[in-house]
Amino acid sequence: EVQLVQSGAEVKKSGESLKISCKGSGYSFTTYWIGWVRQMPGKGLEWMGFIYPGDSDTRYRPSFRGQVTISADKSISTTYLQWSSLKASDTAMYYCVRATSVVTSLHYWGQGTLVTVSS
Amino acid sequence: QSALTQPPSASGSPGQSVTISCTGTSSDVGAYNYVSWYQQHPGKAPKLMIYEVSKRPSGVPDRFSGSKSGNTASLTVSGLQAEDEADYYCSSYAGSNILLVFGAGTKVTVL
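So the sequence lines, in the order shown, correspond to chains U and A. So the first sequence is residues 1 to 119, counted in my numbering. So the second sequence is residues 1 to 111, counted in my numbering.
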């Protein structure tokens, strides 16, 4: 069974750094794109970026490039989403997602990590 | 502003059918057979219901069906049940540069 298990909720202050994680299991971690989707309070879904753990190829949505860093450690089947300086506008639910071998649909979703940033 | 256009709401009585549209362009919905639909209950993670326009993942009831004509895709839920009340989002592959585009979501209410 494919599972994506995310790290727990975070409460941070503006300007702080943060790294959240997502551990994949039940499939070959290195052969599927895995990424992150943001959902701001009461809003829709936005993909932020994807990484192919097999070769660390990473794709960012233009609006998130330079704002976050996506990485993966294939030795522990874990992907990360990192901020160096949080803003209040980063307050959102963040979902880890596993795509197909090409990013055409998001077949599996983590449970979500709520990030709350206070100013 | 979302790339794909969905109606904000749709409703139906138990046992009836409801159809949600998802309109894109010739660069996304119209160009590829990679339309997906996701169901999201309040406070829960989205769940894939339809992929590649009309395919259902294992475990998704056959009451859920998808189709596409030109630049518009549709999700039909037949035999509505109370547990179908949720938000539904469509997405489409839009090429190797943009990857995916989403709709803003449709809230389905079971009357």
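Since the hints were derived computationally from the structure, they do not count as laboratory data. Wrong hints could be hidden among the right ones.
[What the hints assert, rightly or not] 25 Å max Cα-Cα, derived DMTMM-like pairs, lysine to aspartate or glutamate:
id: 1; chain 1: A; residue 1: LYS68; chain 2: U; residue 2: GLU10
id: 2; chain 1: A; residue 1: LYS68; chain 2: U; residue 2: GLU1
id: 3; chain 1: A; residue 1: LYS107; chain 2: U; residue 2: ASP55
id: 4; chain 1: A; residue 1: LYS44; chain 2: U; residue 2: GLU10
id: 5; chain 1: A; residue 1: LYS47; chain 2: U; residue 2: GLU1
id: 6; chain 1: U; residue 1: LYS43; chain 2: A; residue 2: ASP62
id: 7; chain 1: A; residue 1: LYS55; chain 2: U; residue 2: GLU10
id: 8; chain 1: U; residue 1: LYS74; chain 2: U; residue 2: ASP55
id: 9; chain 1: A; residue 1: LYS55; chain 2: U; residue 2: ASP55
id: 10; chain 1: A; residue 1: LYS47; chain 2: U; residue 2: GLU16
[To be verified] Here are the computed distance ranges between Cβ atoms for each label pair:
id: 11; chain 1: A; residue 1: GLY59; chain 2: U; residue 2: SER17; range: 18 to 24 Å
id: 12; chain 1: A; residue 1: ARG63; chain 2: U; residue 2: THR69; range: 26 to 32 Å
id: 13; chain 1: A; residue 1: THR19; chain 2: U; residue 2: THR100; range: 24 to 30 Å
id: 14; chain 1: A; residue 1: LYS55; chain 2: U; residue 2: THR31; range: 17 to 23 Å
id: 15; chain 1: U; residue 1: GLN82; chain 2: A; residue 2: LYS44; range: 23 to 29 Å
id: 16; chain 1: A; residue 1: PRO8; chain 2: U; residue 2: ASP55; range: 39 to 45 Å
id: 17; chain 1: U; residue 1: SER101; chain 2: A; residue 2: GLY70; range: 44 to 50 Å
id: 18; chain 1: U; residue 1: SER101; chain 2: A; residue 2: SER21; range: 26 to 32 Å
id: 19; chain 1: A; residue 1: GLN81; chain 2: U; residue 2: GLN111; range: 45 to 51 Å
id: 20; chain 1: A; residue 1: THR76; chain 2: U; residue 2: GLU10; range: 16 to 22 Å
id: 21; chain 1: U; residue 1: ASP55; chain 2: A; residue 2: ILE98; range: 20 to 26 Å
id: 22; chain 1: A; residue 1: THR76; chain 2: U; residue 2: LYS19; range: 28 to 34 Å
Computed from a prediction, not measured in an experiment: that's the story for all the values here. Each residue gets a CB set at the ideal place from its N, CA and C atoms; glycine is no exception.
Verification of the supplied hints:
Only pairs whose Cα atoms come within 25 Å are accepted, and LYS68 of chain A paired with GLU10 of chain U is rejected, the gap being roughly 40 Å. Restraint check for LYS68 of chain A and GLU1 of chain U: the C-alpha separation of about 30 Å exceeds 25 Å, so the hint is violated. Between LYS107 of chain A and ASP55 of chain U the CA atoms are separated by roughly 39 Å; this puts the pair beyond 25 Å, and the hint is violated. The suggested pairing of LYS44 of chain A with GLU10 of chain U holds, with an alpha-carbon distance near 18 Å, which does not exceed 25 Å.
Between the alpha carbons of LYS47 of chain A and GLU1 of chain U the distance comes to roughly 15 Å, so the proposed pair stays at or under 25 Å and holds. Between LYS43 of chain U and ASP62 of chain A the CA atoms are separated by roughly 28 Å; this puts the pair beyond 25 Å, and the hint is violated. Under the criterion of a C-alpha separation no larger than 25 Å, the hint pairing LYS55 of chain A with GLU10 of chain U is inconsistent with the structure, at around 36 Å. Using a Cα cut-off of 25 Å, the hinted pair LYS74 of chain U and ASP55 of chain U holds, with the two alpha carbons roughly 10 Å apart.
For the suggested pair LYS55 of chain A and ASP55 of chain U, the alpha carbons sit about 29 Å apart, so the restraint of at most 25 Å is broken. Between the alpha carbons of LYS47 of chain A and GLU16 of chain U the distance comes to roughly 32 Å, so the proposed pair goes past 25 Å and is violated. GLY59 of chain A and SER17 of chain U have their C-beta atoms about 39 Å apart, which leaves the hinted 18 to 24 Å range violated. About 41 Å separates the C-beta atoms of ARG63 of chain A and THR69 of chain U, a value inconsistent with the hinted range of 26 to 32 Å.
Between THR19 of chain A and THR100 of chain U the beta carbons are some 26 Å apart, a value that agrees with the proposed interval 24 to 30 Å. The given range of 17 to 23 Å is respected by LYS55 of chain A and THR31 of chain U, whose C-beta atoms sit roughly 20 Å from each other. GLN82 of chain U and LYS44 of chain A have their C-beta atoms about 25 Å apart, which keeps the hinted 23 to 29 Å range intact. At about 41 Å, the CB distance of PRO8 of chain A to ASP55 of chain U agrees with the hint of 39 to 45 Å.
For SER101 of chain U and GLY70 of chain A, the hinted distance range of 44 to 50 Å is not satisfied, since their beta carbons lie about 27 Å from each other. Checked against the hint of 26 to 32 Å, the C-beta distance between SER101 of chain U and SER21 of chain A comes to roughly 29 Å, which is consistent with it. For GLN81 of chain A and GLN111 of chain U, the hinted distance range of 45 to 51 Å is not satisfied, since their beta carbons lie about 24 Å from each other. Hint check: THR76 of chain A to GLU10 of chain U, Cβ distance near 39 Å, so the stated range 16 to 22 Å is violated.
In this structure the supplied range 20 to 26 Å holds for ASP55 of chain U paired with ILE98 of chain A, their Cβ-Cβ distance being about 21 Å. Take THR76 of chain A and LYS19 of chain U: their Cβ atoms lie about 42 Å apart, and the range 28 to 34 Å is violated.
In terms of the numbered hints stated before, the structure departs from hints 1, 2, 3, 6, 7, 9, 10, 11, 12, 17, 19, 20, 22, listed from lowest to highest.
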